[in-house]
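Undergrad: Listed below, chain by chain, are the residues.
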Amino acid sequence: MNAIYEPLFTPFKIGEVEIPNRIVQCSMGGTTLFGWLEPSHFDLEGADFLLKRAKDGVGLVLPGMQVIRDTMGRKWLDSNRQMYRVLKPYMEEYHKTGGKLFIQLAGGFGRSMAVTPWMAALARNDLLNKLASPIVDVQYSCASASETPNRWADNLNSRPFTIEEIQEMVWHFGATAKKLREAGIDGVEIHAVHEGYNLDQFAIANMNFRTDQYGGSLENRLRFATEIVQEIKKQAGDDFPVSLRYSVRSCTKGWRKGAMPYEEFEEFGRDLAESEKAVKILQDAGYDFLNCDNGTYDAWYWAHPPQYMPDNCNLADVEHIRQFIDIPVACAGRMTPEKAAEEIAAGRLDAIAIARQNLVDENWVTKIKTGRENEIRPCIRCHNGCFNFSKANGTENMQSLGDSLHLARCALNPPTMQHNRYKIVPTKKPKKVAIIGGGVGGMECALVLKKRGHNPVIFEKEDQLGGLFLTASAMTFKENDKKLISWYRDEIKRYNIEVRFNSEVNDLGTIKRSFDEIIVCTGSVPRSMPNIKGFEKTKSFRQLLREKSVEGDKIVFLGGGQSSCEAAYDLVLAGKHPVIVEYGNDLVAAQATCLANTSFLRDAMEYHKVPVYLHSTITEIGDGYCVIKTPDETFKVECDAVVNGIGFVPAPVGEKSAHVHRVGDCVAIGNLRTVVWRAWDVCMRI
Amino acid sequence: MKKAAKKLLFLACFGGIAYLCGKLAQKAEVQEKLFAVLGEDLYLAILDKVRLGGDLLMWPIDFVRALLP
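For the record, the sequence lines run as chains H and L.
Quick note, my numbering runs 781 ahead of the 1-based positions in the first sequence.
Quick note, my numbering runs 126 ahead of the 1-based positions in the second sequence.
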């Protein structure tokens, strides 16, 4: 092991419990032991995943948040006795790894509840909600400290919890913790005075207008959280460790408005000064550990940082509040193991909290321990598979039903949380397979086929692997995307897969005779709109980002999707002046792109004063200008170039047949998840 | 009574066959064969629906299991 990582592999204590190393797996919605939003049960998929993480060497694993009262079925978590009986032998097996496991118990979502259209309809109608309430009570699930606007649905306010409901919940926290301890669980984490969840809504003055003992002073606003820890200690024992998921700062400017990492702003939520006092109150109440980050659902990109946020984005704030308490503190949010090790060695931090890297590479801790850190597949923070709650102007949560049922899957690693669906089964009939195109889809196909025992050969038209992803990863802030391409190239070499560079295949007939199967992974080409006068003058993303052949300061993007917004943000960072023209009513209005990612781009455009024309189009493109048509007017804008951001169309080669398959954007335009998952779906069955 | 018994027998047979088909369909060799016969688009479309159906079926099962003592 490289010596710089050694501080990560030293033990530390939470209360009286010794954690074997400083690596904490943060809780991720979906990686639950008792099911996600469905009625609580012992979840075999979650259990398998969590055990694998402990076997990899994670010191403390926190399964996904477990709401203290089931959202579906509305049973209290302490009521399913059978579940605890199954848990006991599981924990005996788990403890053989030497790792520890705390269950994260949640006090609900409040206004952050990611309501879908049918949930919003129930919540807005008292009668319908009442009728559905034996199964699902959306008004209860959205209840908060006070009447506050829902983050997802317009015209939907939370109702305030009654004192009786709060105290009932507090008692069940204690009862559940007691049962968990009896079943062999090492501790609990309370979710959360963090990220704008329910307990955080009680804690933040601008979200809590109560006049009873749960509102007003900071002590009162933290009373819900402090009563919970006291009840747990009372019922489960003083020595049962209790962690708290805690956001140091809210980084929030107002309802649905986050602050950029480099922005000076007036804090709407909890600021650093209040946090200094809050952590002391929480420690004195009995919490043994603070698992920290920043943000709220209104500034979601702090708690779930996409690739646009800097590495270790919450570290300085977390280290600041650690000075005011004596209990250990972990920091989450794009943490790098190298930086965490340095901070732990210097005594400024106690543990590193890592979430989604655990989904993308199931052996990343082992790889660090054995000096193979360059073999770690990087997380690119796309959230496409693990956390794709999406929203645009006027919509509720647009997540598909399939994704709502299964969070915490991984775009880049399909077996994660679906190990029975995606697995490598050695083939009994090894075949010679030609793969046309060396992008991510082609490389993934080659790796799956090779691991199964087939003999794949990649035909790549350029002199390097990467395909369209070379353009998509060209922005300055996409360091991990670039690392992903390097990782793929290294894996292709490590598995000794043949690649024929500079080999463009336009006719499958020439290779059909030499191969048993062909997989076409030729990607897509930019969509064209010849009805726009001068459309042929538009530039492509490849020209702008990869070839860097588009010169000038003022670049107009025709289309406001993710590619345009990311490219525009890259230009802004370079000091240029992009303009975005979007036909729809919002930027990046795509299902399956996480609100943490899209809200950053929307907030960034607003902060940097990028002119954005919604419900608009370009009607003419000329030399040095374009004509923009908005609902109110049509006007000419001087510009240096117009970039075609209206999307892509599949560009397959050859006809499909029994032995010719297609993978990736040449089937339908998607994202890395659709590419990688289809690569597995096809290559598992060849 | 005889009719009810016949119905039960039919359901049991049907359930048994469905269970066996399900088990068989999980085998890699069977999947490879089905994939080749149906073609990738039809096969993957059916697979998608079967997976979602399976997920949805688990909800009432979990619901009932949670009610058990």
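No lab work stands behind these hints: they were computed from the structure.
Keep in mind it's a predicted model, so treat the numbers as computed, not measured.
Keep in mind that the hints are not guaranteed to be accurate.
[As the list claims (entries may be wrong)] Calculated cross-link-like contacts (lysine-lysine; reagent style DSSO-like; alpha-carbon spacing at most 30 Å): (1) L:Lys175 with H:Lys833; (2) L:Lys175 with H:Lys1210; (3) L:Lys133 with H:Lys1232; (4) H:Lys1232 with L:Lys175; (5) L:Lys128 with H:Lys1213.
Undergrad: Each hint needs a verdict: does it hold in this structure or not?
TA: For each hint, the structure was consulted:
Only pairs whose Cα atoms come within 30 Å are accepted, and L:Lys175 paired with H:Lys833 is accepted, the gap being roughly 29 Å. Annotation: proposed proximity of L:Lys175 to H:Lys1210 holds, straight-line Cα distance about 29 Å (limit 30 Å). Under the criterion of a C-alpha separation no larger than 30 Å, the hint pairing L:Lys133 with H:Lys1232 is inconsistent with the structure, at around 48 Å. Between H:Lys1232 and L:Lys175 the alpha-carbon distance is near 28 Å, which keeps this suggested pair within the 30 Å criterion.
Distance restraint check for L:Lys128 and H:Lys1213: the Cα-Cα separation of roughly 58 Å exceeds the 30 Å cut-off, and the hinted pair is therefore not satisfied.
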